[in-house]
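Chemist: These are the residues of each chain, in order.
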Amino acid sequence: MLRRETGDGQFCPGSEDLRRFRAFTCAGAASLALAGATLFAGGLGDPALAKTPKAKPPATVTTAVRRITESQYRHTIADIFGPDIKVNARFEPERRQDGLLAIGSTDLSVTTSGLEQYFALGGSISEQVMDPKSRDTQIGCKPADPGKPDAKCAREFISTVGQKLFRRPLTEGEISARLTTAERGATLAHDFYSGLQLSLTSLLLAPEFLFRTETAEPDPASPGQYRLDAYSKATRLSFLFWDTAPDAELLAAATSGDLQTPAGLNKQVARLAASPRLDDGVRAYFTDMLQFDQFESLNKDAATYPKFSQAVADSAREQTLKTLVDLLIDRKGDYRDIFTSNETFINRYLASIYKVPFASSQEWTRYTFPQSSERSGILTQVTFLSLFSHPGRSSPTRRGIKLHEIFTCQPTPDPPANVDFSKVQAIQNGTVRTRLIDHMTNEGCSICHQSSDPPGLTLEHFDGLGQLRTTENGLPIDVSADIDGVKFSGAQGLGKFMHDDPNVPACLVKQVYGYSIGRAAGYRDQSYIARETEAFAKSGYQVPALLTAMATSPEFFAVKIPAGVKVASQSDTPTSPTR
Amino acid sequence: MSLRFNRRSMLRGLLGGAGVGLGLPALDIFLDVNGKAWADGTKLPVRFGTYFWGLGLTDTPTGGTRWVPTKKGPGYEITPELASLAPVKDKVSVFSGFRAIGDGRPNVVHWSGHASILSGIAPAVTGSFDGPSFDTRIADAIGSSSRFKSIDISPSGKALSYSTRTGKSFSTPEITPVSLYERIYGEGFQDPNNPNWKPDPKVMLKQSILSAVTDQRQALMADVGTADKVKLDQYFTSVREMENQLELQLQKPEKCEACVVPGRPGEAKKSASIDVVNENNKAMAKLLAMAMACNQTRVFNCVHTPGASETYIAGDSKIYHQYTHDEPTDAKLGYQPMSSKLAGMVMQGFGDFLAEMDAVKEGDGTLLDNSLIMGFSDTGYAKIHSLENIPMLLAGGAGGRHKAGQHISSEGESVTRVSLTAQQIIGAPVGEFGTGAMKTSRPITEVMA
Amino acid sequence: MKRRLIELAATTAALVGFCGAASAEWSKTYVVEWNEAAMYYGAKTGVTDPGTDCPKGTNPEIDQVKLLEDAGYTPAEAKWLRDPANPSRSPVHGQNQMAFRGEGRANVYIHPETTKDYGLVGVSGKISEGINLDGDTSTGFVSPTGEKGIDNTFYKTLGCWKTYRGPPRLSSGALTFNDSMREGAWTVVIVVAGKGDDPMNDKAVDVGFYMSGDKLVKDGNGEIARDYTFRIKPDAKFEALFKAQTKDGVITSRTAADEVWLRDPSYTGELQLLRARVSLTMEKDGSLKGYVGGYRPWKPVYDGWVRARGPVIESLTWVRLPDVYYALKRSADYSPTGPGGEKTHISYAERVDAIPAFVMTPDASKQVTEVTSYKAMASKEPPEKKKIYVVDGLVPDPKVPFGESLKVYPVPAKVSEAASAAPASGRK
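Chains as they are written, first to last, in my numbering: chain A, 1 to 579; chain B, 1001 to 1449; chain C, 2001 to 2428.
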């Protein structure tokens, strides 16, 4: 532990009480004063760590540090403290990589403004937990004297809640640090609960909570090899299936070692997959895959699309998620039908956008688009159509690019910087197709636009908000396409085309894998992805079956020792998958 | 930790242009040498900011330029797209002809330009930098004695910042005037001119929360790999900055004569149209200017509009980005009229921003006179994603250290020369910036006092 | 034009078909997004400027000090009562005292006959919006488009009063009430249904106005969004059904409806119309614009303003309320009991702007495609009693016992003495 000498008196004005308290905190608070600031200098940023001689390599290795997502944070808090706890904060932006935020989150940390938010949020949550009306149930024990510290009750609470938040039992050091905080707080405020509130805030602010740290341990079955430890496994499973921290039963299976046995693993996976909470996991996955985070900054020009509002955007997002849960989980449907099924849900806002009556007195109602609506699956819902358009017009190029990127894992490279755009001229009249023909025939543009624009153009009967239209500037819109010799027309033709594209299920398998393990599936994973895709097809493309098959395969828990860690009798190269 | 790791990282740090001065204590003392002073002898702090707007300015191969002044040196003339800067022209230096050099790396469109300017390295891919942005270095040098080390804003409503310590995690900006107001003047704000200042005991309770977190630092760092260590270091840097914030809240703040705590702004409109973006930009500039006058921060980053800017004129179905690419060049004018019109409207944002800073009187000048703001964009001529002639501007007197009001013209030298100049004017301990062909140790001395 | 009409009709027929009704029938459904008293504005600019309707412009602000003096208060007392900076004056004095200017300090809001009629200045122009209610083209106004016999005595009487005056959708009163409706206070839907082949020219068309419990939704421009769905909420009182016809897209009544009730955008809140008629145009953009007219009882109009707090209305809208009472009473032009009976009603027209909307049956199961009465389905529960906080046109002072607070308060002796000592001026 680093110590920096500070002139305490200088920073600790106030009463004698404050001064004494201050003497305690200043020492701890100052401990980091020299760190940080020089991150890119690597070891220079932390002389103490660099100088500490390591007698022997650690028994365990941290193989991943992934910032938890906003929805994982929210779900975890609701699980532990109940759904009434308000989580009101702005979370740090996430970062998409290889098509997924889950992969990008592996690179993310907590910036200063982000920590401020977590700090305030943690304070607000623990204040709600310590509300006199509900704290007895929340805490589970009572202090001998509410006006004083009570180490026994505090320890009980910290270790119970801490285990849920950290997704593993706390170390003695982790507990005692919070006990100290609780004691000092209780002493200063003459209130046990005030102290405990501080401890809880510190748990909520801890990197062990805010980051999913995955740990590998030596594999007893294969000397010299590492395997993911049971708690890390439990966490992967829980976040995939339920988008939240492991529940008590899953943690117990980790503690007992059951989870490290095939039978124990199968049992837990079956339980997770059968739970109604699978909805949360599937929603979280598709929210990520379909890039719904972009709704946060979605704007539409009010003059062009007056019907757009935040309520419409929120409704659209919910519509697609409801549609997916209904098709994929409730009806155990074929994943490929997401492009063709017109069974969906609408509310009053969406009914206005789709220009249909809302025949229900409930908030949401089932709705099946008729053939004449030209709709076909989720590509023709407001989500996809409005997200991948401009504020004041549709964009076949954008829609085409996102179609490939999201559903077939074929990202389009950025336009070449040196392309001569000067030949591409705007055309004020006519339809967008006329303009894009220039892109498609222009050398340099053509490689990408020939791939993105044809499918995008088949969606042109839907404007930038997703409303049906058949003309643009008074001319009928041509929605025909010829992709690799396959001719079709309109959104319904595109839906059928996507439904039959073998890249679509393979892409889902690849992305679910990347989503779970926090890195993009690479060359080494190809045969695994192929095997799982085959099994997926055999199941009739049922998504719960896919999740179960993957979560019970050894590859799902493969360990990759990160660069920069020295492990016992090993180089920095990745180890093979171990069970 | 192996030595090998440290050497490699150190080397990378050097290549990243961040090597010089590392490990030196970064203290405000660097600044006090030339800092202007209040009448009573107290030094006025110098502030630094970056101001980014998307899609460059118009400088076409066919029709000459809409922004590069003809006259070089002091007393340059105001060009159409710089019209909004006219009121503060003598406090702004214009840099033309500087370029980002990829050294074989591709032009990552709408990304390479500002990544090069800020990190000194042409980026490999979009979305991340290969080094920290230099504003964080400046924040380390001058930001430690204010409540916030730096503040990020993004008035277009997209949560975007190009300020990064790790190259991967970028700062979270405030995107509305209200959230900016809450962050600065909400809980934890101490009016420096409040005569009845008392330390808030709650602050100490907050400190004890952090101490429990930091207690576990070493255990957490014991077995992590290089990449994870960077992330955790960033996390603990954030913790340290928060501790610093709390420390400062226990000290009686120094009086700031120019500080007048502003009122709460109204709810902002949510739109990417240029009128709304500029309105929010102006409201946020006002709050930020006062935050600097009240010593809440000394460093800021503003992203007016993102790289491939989606701003537009309300009611027009086409966004600015699209205009830059597909609007025909008017044969007679020699440029794209709508794109140029939009460029002027976007630059109005910078004009407004500087006007707000210039409106705060401080000492015998204004806040702008005691600040240095680097304005820049992602491209030169946006139609072709040009990395040449990226518009760059240095605004503000930097407490007398910036010889402002000049036009510096270059024949394709690296943008990092301007970045280095900014860092040296502000007094950051940096002798060299950039990597490969963009490595430079030559600041533009003409503008340095 | 003709082609366009058929196109529109076809669209609707398809929708009807969707609901399983016979395909020859047609219906169009709307939601009211604006409604206001049809008050023709005779000026070319502004909202209160002089014009052909009111040559002197909107009626001027009332000098309230003078008004009190007229009622027998000394100048010092009157000033003291009207001085907002007066620290010793309670709200009761400041606001409520305006009521007590009748004979023997009677409350003029509930006893307007106890004070004199200053004579509200009415409209002197010849043009008015509205409908020919009595079929007589020799009486009434000429419409802006030249139609004769427009009956709108309500406009003639109150058209120069500031709260009603202004171009369409801009008078201060209309803005207030419509803003409230648009924020969700109430919703009115309109169903138009016919059986002919051409909705634009159909000899037998039914029009129904109904309440809905579903709120209006605003769009990104702050206007009311189109194509939202509204369920009819059966109401025991508010419902208006008309027998009409269409000619070139204009819907007019075939016969007058004896009695209809509409939700009125005013403090009165409800609008009874006798001999009621509609004149509504199905616009090219899909909207519906026009008038509902008939004879409305005038006393509730006066009472509505009084209930809205007499003193506040008087000072904000520049009027002496008793003048409104006298003017309406004087101008009333219809007696439900026949030509010789008491004229309790006044000819009136309401301007209605509606936009396309889906209208559903009360249980939301079906789209409404015909005009029938839903009154029988109305809840038998007595309507929720509104909290009364205005009594006799005044707000009781919560600090004083209820009965006390509506009494005349003595002006402090000091003020009275000072006033007596001063040279008499303007004392009645």
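For the record, the hints were derived by calculation from the structure and aren't laboratory data. Hints should not be assumed to be uniformly reliable.
[Said to hold, decoys possible] Think about it this way: if two alpha-carbon atoms lie no more than 30 Å apart in a straight line, the pair counts; the simulated DSSO-like pairs of lysine-lysine are:
hint: 1; chain 1: B; residue 1: K1202; chain 2: A; residue 2: K142
hint: 2; chain 1: C; residue 1: K2284; chain 2: C; residue 2: K2299
hint: 3; chain 1: C; residue 1: K2380; chain 2: C; residue 2: K2366
hint: 4; chain 1: A; residue 1: K355; chain 2: C; residue 2: K2386
hint: 5; chain 1: B; residue 1: K1361; chain 2: B; residue 2: K1089
hint: 6; chain 1: B; residue 1: K1318; chain 2: A; residue 2: K355
hint: 7; chain 1: C; residue 1: K2243; chain 2: C; residue 2: K2162
hint: 8; chain 1: B; residue 1: K1361; chain 2: B; residue 2: K1332
hint: 9; chain 1: B; residue 1: K1158; chain 2: C; residue 2: K2218
hint: 10; chain 1: C; residue 1: K2066; chain 2: C; residue 2: K2329
hint: 11; chain 1: A; residue 1: K355; chain 2: A; residue 2: K267
hint: 12; chain 1: B; residue 1: K1403; chain 2: B; residue 2: K1158
hint: 13; chain 1: C; residue 1: K2407; chain 2: C; residue 2: K2386
hint: 14; chain 1: C; residue 1: K2233; chain 2: C; residue 2: K2243
hint: 15; chain 1: A; residue 1: K148; chain 2: B; residue 2: K1158
hint: 16; chain 1: A; residue 1: K560; chain 2: B; residue 2: K1071
hint: 17; chain 1: C; residue 1: K2329; chain 2: C; residue 2: K2162
hint: 18; chain 1: C; residue 1: K2195; chain 2: A; residue 2: K355
hint: 19; chain 1: C; residue 1: K2218; chain 2: B; residue 2: K1270
hint: 20; chain 1: B; residue 1: K1158; chain 2: A; residue 2: K322
hint: 21; chain 1: A; residue 1: K148; chain 2: A; residue 2: K133
hint: 22; chain 1: B; residue 1: K1439; chain 2: B; residue 2: K1071
hint: 23; chain 1: A; residue 1: K566; chain 2: B; residue 2: K1318
hint: 24; chain 1: B; residue 1: K1282; chain 2: C; residue 2: K2218
hint: 25; chain 1: C; residue 1: K2387; chain 2: C; residue 2: K2375
hint: 26; chain 1: B; residue 1: K1072; chain 2: B; residue 2: K1341
hint: 27; chain 1: C; residue 1: K2218; chain 2: B; residue 2: K1269
hint: 28; chain 1: C; residue 1: K2386; chain 2: A; residue 2: K322
hint: 29; chain 1: B; residue 1: K1270; chain 2: A; residue 2: K355
hint: 30; chain 1: A; residue 1: K86; chain 2: B; residue 2: K1252
hint: 31; chain 1: C; residue 1: K2284; chain 2: C; residue 2: K2366
hint: 32; chain 1: B; residue 1: K1269; chain 2: A; residue 2: K355
hint: 33; chain 1: B; residue 1: K1202; chain 2: A; residue 2: K133
hint: 34; chain 1: C; residue 1: K2387; chain 2: B; residue 2: K1270
hint: 35; chain 1: C; residue 1: K2044; chain 2: C; residue 2: K2116
[Unchecked claim] Chain B stretches covered by chain A per the calculated footprint, using a threshold of three residues with CB under 8 Å from any CB of chain A:
hint: 36; segment: 1205-1211
hint: 37; segment: 1222-1229
All C-beta atoms in this analysis are idealised placements derived from N, C-alpha and C, irrespective of residue type, glycine included.
Chemist: Now, for every hint given, state plainly whether the structure supports it.
Modeler: Each hint tested on the structure:
1. Among the hinted pairs, K1202 of chain B with K142 of chain A is consistent with the structure: their alpha-carbon atoms are about 24 Å apart, no more than 30 Å.
2. About 39 Å separates the Cα atoms of K2284 of chain C and K2299 of chain C, which puts this hinted pair outside 30 Å; it is violated.
3. A distance of roughly 23 Å separates the Cα atoms of K2380 of chain C and K2366 of chain C; the hinted pair therefore holds under the 30 Å criterion.
4. For the hint linking K355 of chain A to K2386 of chain C, the alpha-carbon distance of about 37 Å lies beyond 30 Å, and the restraint is violated.
5. Pair hint K1361 of chain B plus K1089 of chain B holds up; C-alpha atoms about 18 Å apart against a cutoff of 30 Å.
6. For the proposed pair K1318 of chain B and K355 of chain A, the alpha carbon gap of about 25 Å is at most 30 Å, so the pair holds.
7. Of the supplied pair hints, the one linking K2243 of chain C and K2162 of chain C is violated, its CA atoms being roughly 35 Å apart against a limit of 30 Å.
8. With a C-alpha separation of about 45 Å, the suggested pairing of K1361 of chain B with K1332 of chain B is violated against the 30 Å cut-off.
9. Straight-line distance between C-alpha atoms of K1158 of chain B and K2218 of chain C comes to about 24 Å, which keeps the hinted pair within the 30 Å bound.
10. At roughly 25 Å between alpha-carbon atoms, K2066 of chain C and K2329 of chain C fall within 30 Å of each other, so this suggested pair holds.
11. Between K355 of chain A and K267 of chain A the alpha-carbon distance is near 48 Å, which puts this suggested pair outside the 30 Å criterion.
12. The suggested pairing of K1403 of chain B with K1158 of chain B is violated, with an alpha-carbon distance near 34 Å, which exceeds 30 Å.
13. For the proposed pair K2407 of chain C and K2386 of chain C, the alpha carbon gap of about 24 Å is at most 30 Å, so the pair holds.
14. Distance restraint check for K2233 of chain C and K2243 of chain C: the Cα-Cα separation of roughly 21 Å lies within the 30 Å cut-off, and the hinted pair is therefore satisfied.
15. Under the criterion of a C-alpha separation no larger than 30 Å, the hint pairing K148 of chain A with K1158 of chain B is inconsistent with the structure, at around 48 Å.
16. At roughly 60 Å between alpha-carbon atoms, K560 of chain A and K1071 of chain B are farther apart than 30 Å, so this suggested pair is violated.
17. Taking the CA atoms of K2329 of chain C and K2162 of chain C, the gap is near 20 Å; set against the 30 Å cutoff, the hint holds.
18. Proximity of K2195 of chain C to K355 of chain A is assessed by CA-CA distance (about 24 Å); at most 30 Å being required, the pair is judged to hold.
19. The straight-line distance between the Cα atoms of K2218 of chain C and K1270 of chain B is roughly 15 Å, inside the 30 Å bound, and the hint therefore holds.
20. Straight-line distance between C-alpha atoms of K1158 of chain B and K322 of chain A comes to about 27 Å, which keeps the hinted pair within the 30 Å bound.
21. The hinted pair formed by K148 of chain A and K133 of chain A meets the criterion: a straight-line CA distance of about 19 Å does not exceed 30 Å.
22. Among the hinted pairs, K1439 of chain B with K1071 of chain B is consistent with the structure: their alpha-carbon atoms are about 28 Å apart, no more than 30 Å.
23. A distance of roughly 55 Å separates the Cα atoms of K566 of chain A and K1318 of chain B; the hinted pair therefore is violated under the 30 Å criterion.
24. With a C-alpha separation of about 28 Å, the suggested pairing of K1282 of chain B with K2218 of chain C holds against the 30 Å cut-off.
25. With a CA separation close to 25 Å, the supplied pair K2387 of chain C and K2375 of chain C stays within the 30 Å bound.
26. For the hint pairing K1072 of chain B with K1341 of chain B, the CA-to-CA distance comes to about 25 Å; that is within 30 Å, so the pair holds.
27. With a C-alpha separation of about 15 Å, the suggested pair K2218 of chain C and K1269 of chain B falls inside the 30 Å cut-off, and the hint holds.
28. With a C-alpha separation of about 41 Å, the suggested pairing of K2386 of chain C with K322 of chain A is violated against the 30 Å cut-off.
29. Taking the CA atoms of K1270 of chain B and K355 of chain A, the gap is near 25 Å; set against the 30 Å cutoff, the hint holds.
30. The hinted pair formed by K86 of chain A and K1252 of chain B fails the criterion: a straight-line CA distance of about 34 Å is larger than 30 Å.
31. Only pairs whose Cα atoms come within 30 Å are accepted, and K2284 of chain C paired with K2366 of chain C is accepted, the gap being roughly 26 Å.
32. The suggested pairing of K1269 of chain B with K355 of chain A holds, with an alpha-carbon distance near 27 Å, which does not exceed 30 Å.
33. Proposed proximity of K1202 of chain B and K133 of chain A is supported: the alpha carbons are some 23 Å apart, at most 30 Å.
34. At roughly 38 Å between alpha-carbon atoms, K2387 of chain C and K1270 of chain B are farther apart than 30 Å, so this suggested pair is violated.
35. Restraint check for K2044 of chain C and K2116 of chain C: the C-alpha separation of about 35 Å exceeds 30 Å, so the hint is violated.
36. Under the rule that three or more residues need a Cβ within less than 8 Å of chain A, the assignment of the segment 1205-1211 of chain B holds, with 7 such residues.
37. With 8 residues having a beta carbon nearer than 8 Å to a beta carbon of chain A, the segment 1222-1229 of chain B meets the requirement of three or more and the stated coverage holds.
The structure fails to meet hints 2, 4, 7, 8, 11, 12, 15, 16, 23, 28, 30, 34, 35 from the earlier list, while all remaining hints are met.
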